[in-house]
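**Q** Heads up: the sequence lines are chains A and B, in that order. Just so it is clear: in the first sequence, position 62 is 62 by our numbering, and no numbers are missing. Just so it is clear: in the second sequence, position 259 is 629 by our numbering, and no numbers are missing.
Hint data in this document are derived by calculation from the structure and do not stem from the laboratory. It cannot be assumed that every hint is accurate.
In silico DSSO-like links for lysine-lysine, alpha-carbon gap of 27 Å or less [as the list claims (entries may be wrong)]:
#1 A:K121 - B:K516
#2 B:K516 - A:K89
#3 B:K588 - A:K89
#4 A:K50 - B:K373
#5 A:K280 - B:K516
#6 B:K516 - A:K162
#7 A:K18 - B:K516
#8 B:K516 - A:K120
#9 A:K76 - B:K588
#10 A:K4 - A:K190
Some, not all, of what chain A presents toward chain B, calculated at C-beta under 10 Å [said to hold, decoys possible]:
#11 Q55
#12 P57
#13 K76
#14 R80
#15 A92
#16 E93
#17 T96
#18 G113
#19 I114
#20 S133
#21 H134
#22 Y136
#23 R155
Over the 12 Å line for every Cβ pair with chain B, so calculated as not near, a few chain A residues [claimed, not checked]:
#24 K4
#25 D99
#26 L112
#27 S232
#28 E255
#29 G272
#30 I275
#31 P318
We put the CB at the ideal spot given by N, CA and C, even for glycine.
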Amino acid sequence: MNQKEVLQTDALSVGYSKKIIVDRLTFSVSAGEICTLIGPNGAGKSTVLKTVAAQLPVLSGNIALCGDSLSLLQEKDISRRLSLLLTQKITAERMTCGDVAETGRYPYTGTLGILSAEDKKIARDAMQLVGASHLYDTDFRQISDGQRQCVMLARAIAQQPKILLLDEPTSFLDIGHKLHILSLLRRLAKERQIAVIQSLHELDLAQKFSDTVICVHNGTAERIGTPEEIFSGDYISQLYEIQNGIYDPRFGTAEPSAESGEPEIFVIGGGGAGIPVYRKLHRMGIPFAVGVLHENDLEYPVASALASAVITEKAFEPVSEDAVRKASALMEQCRQVICFISSFGTMNQRNETLKNQAVDSGKLCTEFAE
Amino acid sequence: MEKRRMLRVSICFIGLLVLAGLFFCLSLMSGSTHISPASVFGILTGRPADAASVRILTDIRLPRTLSALILGGGLSVSGFLLQSFFRNPIAGPFVLGISSGAKLTVALLMIAALQHGFVMHSSMMIAAAFVGAVLCMLMVLLFSGKVRSMAQLVISGVMIGYICNALTDLAVTFADDANIVNLHNWSKGSFSGADWQDIRAMTLLVFAALIGAFLLSKPIGAYQLGEAYAENMGVNIRRFRLLLILLSSLLSACVTAFAGPVSFVGIAVPHLMKGMFGTAKPLILIPAAFLGGGVFCMGCDLIARTLFAPQELSVSTVTAVFGAPVVIYIMLHRAKERSTS
Chain A
1 MNQKEVLQTD ALSVGYSKKI IVDRLTFSVS AGEICTLIGP NGAGKSTVLK TVAAQLPVLS
61 GNIALCGDSL SLLQEKDISR RLSLLLTQKI TAERMTCGDV AETGRYPYTG TLGILSAEDK
121 KIARDAMQLV GASHLYDTDF RQISDGQRQC VMLARAIAQQ PKILLLDEPT SFLDIGHKLH
181 ILSLLRRLAK ERQIAVIQSL HELDLAQKFS DTVICVHNGT AERIGTPEEI FSGDYISQLY
241 EIQNGIYDPR FGTAEPSAES GEPEIFVIGG GGAGIPVYRK LHRMGIPFAV GVLHENDLEY
301 PVASALASAV ITEKAFEPVS EDAVRKASAL MEQCRQVICF ISSFGTMNQR NETLKNQAVD
361 SGKLCTEFAE
Chain B
371 MEKRRMLRVS ICFIGLLVLA GLFFCLSLMS GSTHISPASV FGILTGRPAD AASVRILTDI
431 RLPRTLSALI LGGGLSVSGF LLQSFFRNPI AGPFVLGISS GAKLTVALLM IAALQHGFVM
491 HSSMMIAAAF VGAVLCMLMV LLFSGKVRSM AQLVISGVMI GYICNALTDL AVTFADDANI
551 VNLHNWSKGS FSGADWQDIR AMTLLVFAAL IGAFLLSKPI GAYQLGEAYA ENMGVNIRRF
611 RLLLILLSSL LSACVTAFAG PVSFVGIAVP HLMKGMFGTA KPLILIPAAF LGGGVFCMGC
671 DLIARTLFAP QELSVSTVTA VFGAPVVIYI MLHRAKERST S
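Extracted from the complex, chain A is given alone in its bound form (with noise of 0.2 Å):
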């Protein structure tokens, strides 16, 4: 065994009583590591997870923490190496942020449950890295979901795990405390040398914050591979079963499906200006086409989700005669043309005569107006 690997699985079957919902699942996670499922509502994430942390019987397979079979490990054993962070919201009943920082402390405590100056201290320091020291005193349902998120993070962590499991912990939360999160997984990660292994569902922040991704899919794990391997082409929209629109795996966008009909308007594009101007058409359900777009154009992932059509041009190239006949042809077709570009660089220097000639047809509008 990888002494590194502090999280193994092998042909893990799991689900609820007999029924498999995820099965053939073989991966291992190691110390450091982030590891991160993703996959389609109702795939089986929360299910693996909870399996893992032994709060549901493996169904067939095997399930190792840090070398030592989950079935062979006590209760207390797997509360030391392994901690939690669920979606449910808990009732804590008359209880200070740092009271529930303090039950991460539970597995290491006498009979009684009584904390040392030592537990204290413990759960202390865990409050200050997730920054939320100033929330100690303060009763916890009357915390933001963000700054409940923090002091659980902090109960987690002041359990001392060696894997840290978290379901979602990021759903919920504005963008601010996602970011926050997640950048203190990375940093628990590295600094304590902590396997993480979490869902998300933000796959945005997964591609970023991730080492492996695992796709939960079809009740098996269709895909594990860095997120360099799993986002690329349009795997995304295939796990997700994307049908009205596509996701982009090199800028974490979504984008919905582009009007169908004959183009009205057409838009002379480049450089970032039109953006504004393809959202806004897509908005009010306006078909329109754009032309003549450079394929690396900062614009062309947006014009080619929601236009009808564009005339494109290969990238580092001129805008060619042909492609400049192309949109002419379309320009023709549509009522109104938008273009925002004030001057041409020798690139798109064709455009310009695109622009002339809507000048002279009378269709030019500066601005776009209903």
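Take the given structure of chain A and dock chain B to it, following the hints.
**A** Then chain B, alone, in the frame of chain A:
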């Protein structure tokens, strides 16, 4: 903060102890014949006094006061355990029908004893009450697996209580009239009529259960965060749940066997204690609930027998008057909390 909390807990414990002492003395003094504090102290310390006063004190008032203290405390702890178990602030032995179940089996045993002419022993009463309590608890558990909301759980408990009460009434109706008086008094709830043998039995059982509950403080505390977290902290959930059910059933059974069904103590007192002590930590709250329950019941018993003396009220009448408003407060408070969060 840490020090402030410790101070608050200490002050509350001292306050409760003072109240307990006060009610204890008042209980011994007051009644149809007034006994002065000096002679109460005299009799308790074994100095010679007039025979009537000694008999009233040692045979009637002292056992009664002690049973109010011990059974009240037990009932309150049982309520705290049930609230922790169901994670429901208005769970309690009475609300969940557990007291009524115990009442039914005890009533059946009493009738059987009267008809077949055997003498009831307190251990038989306890055993019968325990069987009834556990049966009802199992029924509530069966429902709790099916229903998700707190209201539904409470309603199913109340309904179980009604069914048990109806069956008790039925049994009583067909039993021999002349022998029912005793049963009737018991079924209204009263701390009177305990002899020293009963006191020994209840002390043993209640304190055993209390120590058991106290030793479970750690897992109860973990369980307050929810089952999944408790499990992750290393609590053996199955064993823990079983122990908690047995302990709370034992406590409510013991109380019901000796005092009949006493309402609202199990809900109101733990809640009052949480508010007073400002914490729900079981390590503090289990002793607090016991003391608080004892104080509450001694107070209520005192009122029950002195307010309209020589006419005596049932203790449930008094506990309901003080306990029911607390339940209403909890519900309103919860509703407010939910709307703000």
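**Q** For each hint, tell me whether it holds in the structure or not.
**A** Hint-by-hint comparison with the structure:
no.	hint	result
1	A:K121 - B:K516	violated, 42 Å
2	B:K516 - A:K89	holds, 21 Å
3	B:K588 - A:K89	holds, 21 Å
4	A:K50 - B:K373	violated, 39 Å
5	A:K280 - B:K516	violated, 50 Å
6	B:K516 - A:K162	violated, 37 Å
7	A:K18 - B:K516	holds, 20 Å
8	B:K516 - A:K120	violated, 40 Å
9	A:K76 - B:K588	holds, 13 Å
10	A:K4 - A:K190	holds, 13 Å
11	Q55	holds, 6 Å
12	P57	violated, 12 Å
13	K76	holds, 4 Å
14	R80	holds, 8 Å
15	A92	holds, 7 Å
16	E93	holds, 4 Å
17	T96	holds, 8 Å
18	G113	holds, 3 Å
19	I114	holds, 7 Å
20	S133	violated, 12 Å
21	H134	violated, 12 Å
22	Y136	holds, 8 Å
23	R155	holds, 8 Å
24	K4	holds, 23 Å
25	D99	violated, 8 Å
26	L112	violated, 6 Å
27	S232	holds, 36 Å
28	E255	holds, 36 Å
29	G272	holds, 43 Å
30	I275	holds, 39 Å
31	P318	holds, 61 Å
The structure fails to meet hints 1, 4, 5, 6, 8, 12, 20, 21, 25, 26 from the earlier list, while all remaining hints are met.
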